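S.K.: Keeping the supplied structure of chain S fixed, place chain X upon it in accordance with the hints.
As a plain string of letters, each chain reads:
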Amino acid sequence: MSDAALPIVPTLDVGEPRQLSAFGRALLRSGTGLFGAIVLGLIVLSAILAPLISPYDPTKQDLSARLTPPLFFGGSTEHILGTDQLGRDLLSRLLQGARVSIAVGLFVVLIAGIFGIAMGLLAGYRGKFTDSVIMRVADMQLAFPGILLALVILYALGPSMRLVIIVLSINGWMIYARVTRSFVLSLRKSEYIEAAEISGAGPFRTMWRHILPNLTSPLLTLGVLEFARIILAEAALSFLGYGVQPPDASWGLIIAQGQDYLTSAWWIVVIPGIVISITVLSANLLSSWLRIYTDPKQRDRQRGWKNWQPEKDPA
Amino acid sequence: MLYFLTKRLLVGLLVIYLVATAVFFITRVVANPELSFLPVDASPEQRDAVRSYLGLDRSLIAQYWEYLTNLVRLDLGESFWQPGKSALSIVLDRLPASLALNTVAIVIALLLAIPMGTIAALKPGSTLDRTTTTVSLLGLSAPQFWLGFMLMLLFGVRLGWFPTSGADERLSIVLPALALALPTAGKIAQMMRSTMIDELGRPYILTAEAKGITALDRVRHHAFRNSLVPVLTQGSFEYARMLAGYTVVVETVFAWPGVGLLTVQALEQQDLMLLQAVVIVVASMVVIVNLATDVLYTRIDPRIELS
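Respectively, the protein sequence lines represent chains S and X.
For the first sequence, counting from 1, position 291 maps to 290 in numbering that gives the first Met the number 0; every step adds exactly one.
For the second sequence, counting from 1, position 57 maps to 56 in numbering that gives the first Met the number 0; every step adds exactly one.
Okay, chain X solo, but in the shape it has when bound:
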């Protein structure tokens, strides 16, 4: 167990290192960081001046080495957009908002998906099954950002139940969380359904039936619990995927002040330092979530041993 965790942790650190390296080379070699400080018609002399001010005129190896040593000390440089503030601190300020949004979203998704998938699995092929399966397919087929606008139109503009942007009110989280949750719920519901059908076909369920345990109890006490293991694992991978991508779009739609919106702002401001910090922090979060999933896995299901 300890051996496994150490190994996983090392792989995680390697992933973060590779992401950091990729970002470094993309932002230094491919893009021109100095341009964000200069007017469009800047002369080559002005560009050189800014390049040397930023330390971009040194050899790439020297820059990369400095970048890595700073990374180890958790120094990700100073933001271009908000001078004087460290890029890392700006990202960490925004992180709680994103984590809150994602957590609410995944809870909603699981609360919707688990009952839906279970009900569908009870009678595969029935009208109820077909209806829930179609609804979940519809959910996972809609783009999150568009779902966001639809929720905004219906619940924000037409009905006026929830605020449509920002995070000033307590209820502001509802619509962006729903926009994130619905497609994920569709995915998890389908998984729940197929896992449940598998479980209900296993010999131990037949034994339970032979012993006279009612259908409700067979589902409730036996099949349901076993189905939860893969479904919850899927849930935590979905959580990581939300963090690593979907939040960017949804936070943009709802002006939710999280890391996703910060990404778009950093791109608009051409703040490569901030962008770099965002990517590294998000990669670290994904690594942490995946590691936590592995550990949870063994806690929920003692049959599984990490090796």
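Okay, chain S solo, but in the shape it has when bound:
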């Protein structure tokens, strides 16, 4: 068995880097995908570097400088994006908020993703009873009023960032399970899976080595898309006061605290919203580029329906 696998190894070694560079070249050529990747990269980078590049302590109050407008709107270089009602530097608070949003987004995507993918593999591979139990639970959870229950849980247990991550993960695994399961169902019948099984691969090995690698691109696309959704959900929970607690900052919380000053100090509300929108937009752009790049059918569709050919029967 191991002898039979050997000849494949060299081609794989040559193939993978080439694929990766093709991926990079395609990304460079695409306007929107590149934009999304760069902006998202910059935001993640500034979130990581926040303690180093942040001009002020995000919780430090300076009442003499309260409600300073941003530079170019009557402010000064001291506070480029202005200050809030307590004189805290808005840029520093946005950087801290970026840490919260990115961390929540990443953790939720990881936790919900891993659990959802495991459930989807299990449901698709085992079939029958296991499948119907898992998918029923997923269906029912999809019919739950998610945000409402999240609010109730956060209220009952006392809001914190960790709990936001847990609640949003519980709320988000179903989509991964569905996508994974549908792919597993279509792959299970394919010949190479049959070949793997005949040559003695157990269920775990089959899933890990043969099925999962084929799911990388759809799951990556989904993960980026979910990341965008989670950022919005975290912002909404924080805005309602059930996310990160003061004096810490999160994008939704900054807007909530600034809403009373909407007419006098618009920047406290407007700027964090722009930051959220740009982050979410970048993730959406990257995700839709990934979807089109990794799916040839989508690529054809993008070029136009005139060129679209119905799939030909291989026989």
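I should point out that these hints are in silico values taken from the structure, not numbers from a laboratory.
Bear in mind the structure is a predicted one, so any value in this text is a computation, not a measurement.
A few of these clues could be false.
If you want a taste of the chain X side facing chain S, the calculated C-beta under 10 Å gives, among others [to be verified]: (1) M190; (2) L215; (3) Q269.
Non-contacting residues of chain X with respect to chain S, defined by C-beta distances greater than 12 Å in every case (computed) [unchecked claim]: (4) S51; (5) Y63; (6) K84; (7) S88; (8) F148; (9) L170; (10) G185; (11) H220; (12) T232.
Quick reminder that beta carbons are idealized off the backbone N, C-alpha and C, glycines included.
M.R.: Showing chain X alone in chain S's frame:
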């Protein structure tokens, strides 16, 4: 059909039962309902007194059983915040305002999204397509509550066209409905575009073209109608999602007196009875909307059979 509906209805009831159970255990076991009646520094004796007054000192099983039997009789208990009023009646009083807001929002969203998606699909890759796609992406990337503030600043404060909060005037509904509608419109427009592109690539469109039917008529009479089926389904799921979540934020921003604002008020007042009623009513509404969607599906497209 009847078999399918009964099955769906039973699943819906199961969902409501599970939601009710989840809320019961979260509010009874995790939270301390008696605290909403007491000062922060209440003594353990005072807490026990209130607990026994509320019936919280009995065994959990007994409480759960009573809760379920009351639920069957649609008795969701009395509000802590507004004593003497049943929690259910308070929620039902607020429900029409939320339904009105959501309905206006989904109508606006569809009216914006369907033309946008159709136009974009006519020439994929063109400047027009790229523009509409980017606009719809922008729409779905903005948080609803922030969009609400932006609309408030522009149309309420700067231009003074619409009232910015409450529901006293007829036009009060415009801004909150727009804040709810724009992100949804973005989502539906993208769906409309991709469905339309799929339809336009199908063989029957080629046949129509071969028969000499003009492009406008091919779109108008053939592709458009078929694209509407999945898009309208998506629309009604979006409606359910608005009800189950987004309204909370938007109603808070605009002080729109619906179920969403009531949720926030119940949380602030620590009124667990009211909170419980809100969640159960919203879950029921979501179940009803989903059921209605399934039925509508077969009405719009006779090819689809429920099974």
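S.K.: Hint by hint, say whether it matches the structure.
M.R.: So, going through the hints one by one against the coordinates:
1. M190: Since the shortest Cβ distance to chain S is 13 Å, the answer is violated.
2. L215: Interface hint status for X:L215: violated (16 Å vs cutoff 10 Å).
3. Q269: 8 Å, holds
4. S51: Since the minimum Cβ distance to chain S is about 21 Å, X:S51 lies beyond 12 Å and the statement holds.
5. Y63: Answer for X:Y63: holds, closest chain S Cβ roughly 17 Å.
6. K84: 21 Å, holds
7. S88: 19 Å, holds
8. F148: 5 Å, violated
9. L170: Fine: 20 Å to the nearest Cβ keeps X:L170 off the interface.
10. G185: 9 Å, violated
11. H220: 17 Å, holds
12. T232: Fine: 14 Å to the nearest Cβ keeps X:T232 off the interface.
Consistency with the previously given hints fails for numbers 1, 2, 8, 10, ordered from lowest to highest.
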